[in-house]
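Going line by line, the protein sequences match chains A and B.
Residue -9 in the numbering used here sits at position 4 of the first sequence, and the numbers go up by one each step.
Quick note, the numbering used here runs 61 ahead of the 1-based positions in the second sequence.
Calculated directly from the structure, the hints in this document are not laboratory data.
Hints are supplied without guarantee of correctness; some may be wrong.
Pairs of lysine-lysine residues, derived as DSS-like cross-links and limited to a Cα-Cα distance of at most 30 Å, are as follows [stated by the list, open to error]:
| hint | chain 1 | residue 1 | chain 2 | residue 2 |
| --- | --- | --- | --- | --- |
| 1 | A | 56 | A | 44 |
| 2 | B | 74 | A | 29 |
| 3 | A | 65 | A | 29 |
| 4 | B | 74 | A | 56 |
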Amino acid sequence: ILNVEQSPQSLHVQEGDSTNFTCSFPSSNFYALHWYRWETAKSPEALFVMTLNGDEKKKGRISATLNTKEGYSYLYIKGSQPEDSATYLCAFNAGTASKLTFGTGTRLQVTL
Amino acid sequence: KAGVTQTPRYLIKTRGQQVTLSCSPISGHRSVSWYQQTPGQGLQFLFEYFSETQRNKGNFPGRFSGRQFSNSRSEMNVSTLELGDSALYLCASSLPELPGTDTQYFGPGTRLTVL
């Protein structure tokens, strides 16, 4: 059974703060690591798909790094804004077609 | 391009009934995956269909089944509903050019309540 863990479970920051979360996954049988943002009452939105050890991806103020040898990925948000409030999910793919194993997410709340 | 659509959005059923949920993928996408989310649980993979064939299956009982049509639209069926089947059911579509690394696009989900 694959175990994907995310920490912290929730986070409350002020506008302008920078923050980061962790996703831990099995270091064996790694194929890809996906990050999603899920806002309340909306569909999960894909942020990044990461495949190579040492990968770094960036989208605006959000970036992610990947370490497949030790089995973790970090998601960073620089200068958090209220619109960044959402649950951030990571999902591991072990090469089994399109099957994703999700973590339970980090819920981020950004206040003014 | 229209996104992934799911119908119905909300559904209330009673124990023992069966239910069918529908998912229309993004035009051109051939893979459809289904996920279940219950309170306190992450998204749990149910199954994936590609070109009308089930390509992968999660650890769910046989009461959960699905199919895919030639236009890539997919349905999932849950028979003999139990209270624990109350959940948000999401479907996701992808091309896929490279299964596993293709971005999966999610629909808004169907909220099923079993009374």
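Hint-by-hint comparison with the structure:
Between the alpha carbons of residue 56/A and residue 44/A the distance comes to roughly 18 Å, so the proposed pair stays at or under 30 Å and holds. Between residue 74/B and residue 29/A the alpha-carbon distance is near 23 Å, which keeps this suggested pair within the 30 Å criterion. At most 30 Å may separate the alpha-carbon atoms for a hinted pair to count; residue 65/A and residue 29/A meet this at roughly 23 Å. For the hint linking residue 74/B to residue 56/A, the alpha-carbon distance of about 46 Å lies beyond 30 Å, and the restraint is violated.
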